[in-house]
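Undergrad: Protein sequence lines correspond, in order, to chains H and F. Take any residue in the first sequence, count from 1 to its spot, add 113: that is its number in our numbering. Every letter in the second sequence is one number past the one before it in our numbering, and letter 130, counting from 1, is 129.
Source of the hints: derived by calculation from the structure; they are not laboratory data. Just so you know, not all the hints are guaranteed correct.
For each label pair, taking beta carbons as the anchor points, the in silico distance ranges come out as [claimed, not checked]:
1) H:Ser418 - F:Glu19: 33 to 39 Å
2) F:Gly299 - H:Ser257: 30 to 36 Å
3) H:Asn630 - F:Gln423: 26 to 32 Å
4) F:Thr267 - H:Thr516: 38 to 44 Å
5) H:Ser514 - F:Pro316: 46 to 52 Å
6) H:Pro461 - F:Ser31: 22 to 28 Å
Simulated coverage check for chain H against chain F, where a stretch passes if three residues somewhere in it have a Cβ under 8 Å from a Cβ of chain F [what the hints assert, rightly or not]:
7) 205-212
8) 364-377
9) 552-564
10) 571-582
11) 609-622
Even for Gly, the Cβ is constructed at its ideal location relative to N, Cα and C.
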Amino acid sequence: MAGLLSGLQTAGHALDVMEQAMSVIQNNVANASTPGYAAQKLNISSVPFQDGGGIQAGTVSSSRNQYAEQSVQHQNSLLGTASQQAASLSSLQNIFNVTGKTGIPAALSNLYSAFSAWSASPADATTQQQVLTAAKGVAQAFNSAASNIGQIQSQTDRQVTTTLNQINNLTSQIAGINQQIRYSGPNDAGLQANLYNDLEQLSNLTSVDVQIESDGTATVLMAGQTPLVSGATQTQLQSSTSANGIAIMANDQDVTSTLTDGQLAALVNFRNQTLPSVVGNATQPGTLNQLAQAVASQINSLLTSGQTASGVSGLPLFVSSANYTINGQTVYVPPPTGQIETLTFTTPSGASVTATVNAGDKPPTVIAEINEQTSALGIHAVLNQAGTGITFQSDSAFSMSDTSTAPGIFSSSTGTYTAATGASNAVAATLSVNPLAGSDLAPAQVSGSANGIASQLAQLGTATNPTLGMSYTDFYSDIASTIGSQESAATTAQQTQTDLLTQAQNMRAQVSGVSLNDQAAQLLQFQQAYQASSQLIQVISSTMQYFMQAMQQI
Amino acid sequence: MLSGIFASNPNFIASLDQIEARITRTNEQITSGVRVNVASDDPAAVSQILSAQQQIDHITQVQANLNIASLSAKTADGALQSASQLIDQLVSIGAQAAGSTALGTTTTSSNFVVDSAQPFTAPASGDTETLTFNIGASSTSITLNAANASNLQAAIDTINTGLSGTGITATASSNTPGAIAFQGSSGFSVTDQLTGGAAGGGTEGVFRQTVAAGGTASYTATAAAPVTSNSANASFLTAVTQIQQQLIALANTTVNGRYVFGGDNATTAPYSATGAGWGASATYTGATQANTSTISDINGQSIVPIPSAQQVFDYPPATAPATTSPLPGEPPSGNVFAAVGYLRMALQNNDQSAIQNATALLHLALGQINQASMTIGDTENWIDQANSTASTALTNIQQQLSSVRDTDIPSAAMQLSMDQTALQAAISAHASLSNKSLFDYIG
């Protein structure tokens, strides 16, 4: 009888175990689609016969595999890099038209065609005006490209801020989960699912290394170096923008150089490397500015070496921040009767010339008189952009002293002025056309062909630019194709990484995913075991009934 | 069945994304006809595309320049043929005049003359112009200003009022439209003193001197002596004068507003018929004696397409003689206008020998015209060759550009069809997959 009672207890205990097992299965099925969830299993062991036999429930174990998780996180980081690179480069490459129909190539081609038409009719006011109009088109094309890249730069800065906010939110959530894990233990499947879901999202934004501590909490390092989460402590990331680019700060430490993969690393690399290589920064001019400067310098150099039909020295067509400039007062005032304004120009090498502005001299006479003296030093007087005052420009440094007390180009006080220059990385943004009249354009070579300069200008479109070492078309093509190659490689990498991430996710699902078929089979198994144990209890109960009735008859 | 409702969803969606991206790109290529819309479509082709496009623009503009030059050259050639015929007529006139028995029988004299040879421009407000006529020991001054000489007739009237009793009269010039001529029965000179007002200045007055605001300008002209002409040669002189004018008109031939013999300044008439120069033929107003403006082909090779008017009609340069009577020495041979002027003066002076010499000079001038015509013919050939080379190069480059840039429509259409089929197949295959699990059967 004691054996029957023991069997009844064993069978009853087995029913409890089966219920627990089916409860785990129910939880697995319910979370089959929960992001970050890993299938769980109730460990069941047998009880030694001498202890009564039967089964007992052990711990609930997770099927999560850290290698599979790390693989997914790694591939996700690489995908984040490639996706962001493709998106950023796509917007950048759209600025560089490659059909030759619009943008910088079309504007430059129009200008050289205008030079060609001008060379055929150098005295024709229409062709002169075409040159000025086409030159304005070139300036606007460079201005527009620089402006558009500036917008992309601002947009990238905002994206970095947004990405940092996302990272900080995720690390904050992970720190919170860690705290809950400390209270509830490491085996809570729901907390684990939330933790790994956050880690997977985080890995797309930046590369992370995750260490699971003995208490079940996750320690997260960015790129293996910068701690983002340790226990319940989170490190906030911040950005700092300077002339050299954008920096990522953690605990007031610059961690930019440690960034490797992920969306944030791609954004920072695009902001600090790719964009400056095109549009320049404090340490480099950038290819777009190099192109603008080379085009403007070559054209200016030729025009200022020539002369107009009336024998006046040519004036530069383009002006930019790269020029050394001294601005006279906004509105030129001719010196009064009996007064002469004397200007002495000096270069760093000591070369010096003196030009005088006579009483009553008005533009363009005054400009022609000054240029007759200063052109030898590469210094040119032109009207200011408003067309009311006079500005002096040169590709090289120079200074100027005004020894007169009468009003004229400068105000009534005497003074010495040093030419100021802007940054070489702002040429494209500031390129503009001098306010010249068509007759100021110099088509003729000095003591040479009457259209020699115009003809040389017309040939520049296909000639090698000495500064660039190649034609402007090839240089522009290099800029566009470099960006295009990077975009193409990033797009290909994005597709590849999408496949690799999917493979890693599939592999993880094979190991730790919830298989509905498997869960159904286990459910059947435990149902049948439950029914068998129930039947056993019924048999033992019937047997005990029989024995008890038999005892009553005795 | 693995985790989730459908474990193969991520793979399937990724594949669909890739197929749809290919379809979108192929669609763009077919609809635009261009294979490379952005650099990433084919980075290696960017340089070829832009270089080809730049060359096409360059060649197109060079062709436009060549077409303008070709039209100018053809027009110049036609003008020179006309000039050649006119010189033939002059040779014929010279031959007839040399054989005329009427020569030297009757003479007429005209007055002493000063022809301003410049269209009159009224003095600017505040400016004054003082004309001082010196007749022997006496002089008469007349002051013109914006009020009393507002136009040609007002100026003539004012001058004639002031000249009353001097024997000198002012009339409209018969040689230069808008100019004033002064005629007197005895010799005289006229000094033109132009004074610019504080706010005035400009190029103005009877002799169109240039004066700055507040400045002065002065010019003195001495009346030419009366010309003795042979009345029997009058018809010949008239014919020569008319042909002179026609030759000047030919030297000033224009195409689309450009003077074909304009040399370095095609916007200014090369000659003005001012009565100066050899035999009052013409005055050169061009920028330089020789044309230095070149026209280039697509390779940068260049030529000077058309000689300047002075190179064609007025070379070697001939300084106008100080006097026309007695007849000066012969002008340099080959100079067309000088030869014509010499014939005119020879007729005026009734110099049979000079008429014959002038005829010989006209033959040499004809050679000069023919030489210029040959030069222009060579230019036309050069332009035709340059145009042909440009057209061939343009066709080749357009083909190269098309092969690199344009969409291969059949291949693209095939690719599009394949991708659409693949898309439909993928969706169908995915739809046919069972989404049931064991749970569906154990109820």
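Undergrad: For each hint, tell me whether it holds in the structure or not.
TA: Each hint, compared with the structure:
1. As the Cβ distance of serine 418 of chain H to glutamate 19 of chain F is approximately 58 Å, the hint placing it in 33 to 39 Å is violated.
2. A hinted range of 30 to 36 Å holds for the C-beta pair glycine 299 of chain F and serine 257 of chain H, which are about 31 Å apart.
3. As the Cβ distance of asparagine 630 of chain H to glutamine 423 of chain F is approximately 30 Å, the hint placing it in 26 to 32 Å holds.
4. One distance hint, 38 to 44 Å for the beta-carbon pair threonine 267 of chain F and threonine 516 of chain H, holds here, with the actual separation near 41 Å.
5. Checked against the hint of 46 to 52 Å, the pair serine 514 of chain H and proline 316 of chain F passes, with Cβ atoms roughly 48 Å apart.
6. Between proline 461 of chain H and serine 31 of chain F, the C-beta spacing of about 54 Å breaks the proposed range 22 to 28 Å.
7. Residue count for the stretch 205-212 of chain H with a Cβ under 8 Å from a Cβ of chain F: 5. That meets the three needed, and the coverage hint holds.
8. Three residues within the 8 Å Cβ limit are the bar, and the stretch 364-377 of chain H against chain F gives 0, so the coverage statement is violated.
9. Only residues whose beta carbon comes within less than 8 Å of a beta carbon in chain F count, and the stretch 552-564 of chain H has 5; three or more means the coverage holds.
10. Counting residues of the stretch 571-582 of chain H whose beta carbon lies closer than 8 Å to any beta carbon of chain F gives 4, which meets the minimum of three for the stated coverage.
11. For a cut-off of 8 Å, the count of residues in the stretch 609-622 of chain H with a CB near a CB of chain F stands at 6, and the three-residue condition holds.
When the structure is compared with the earlier hints, violations turn up for hints 1, 6 and 8 and for no others.
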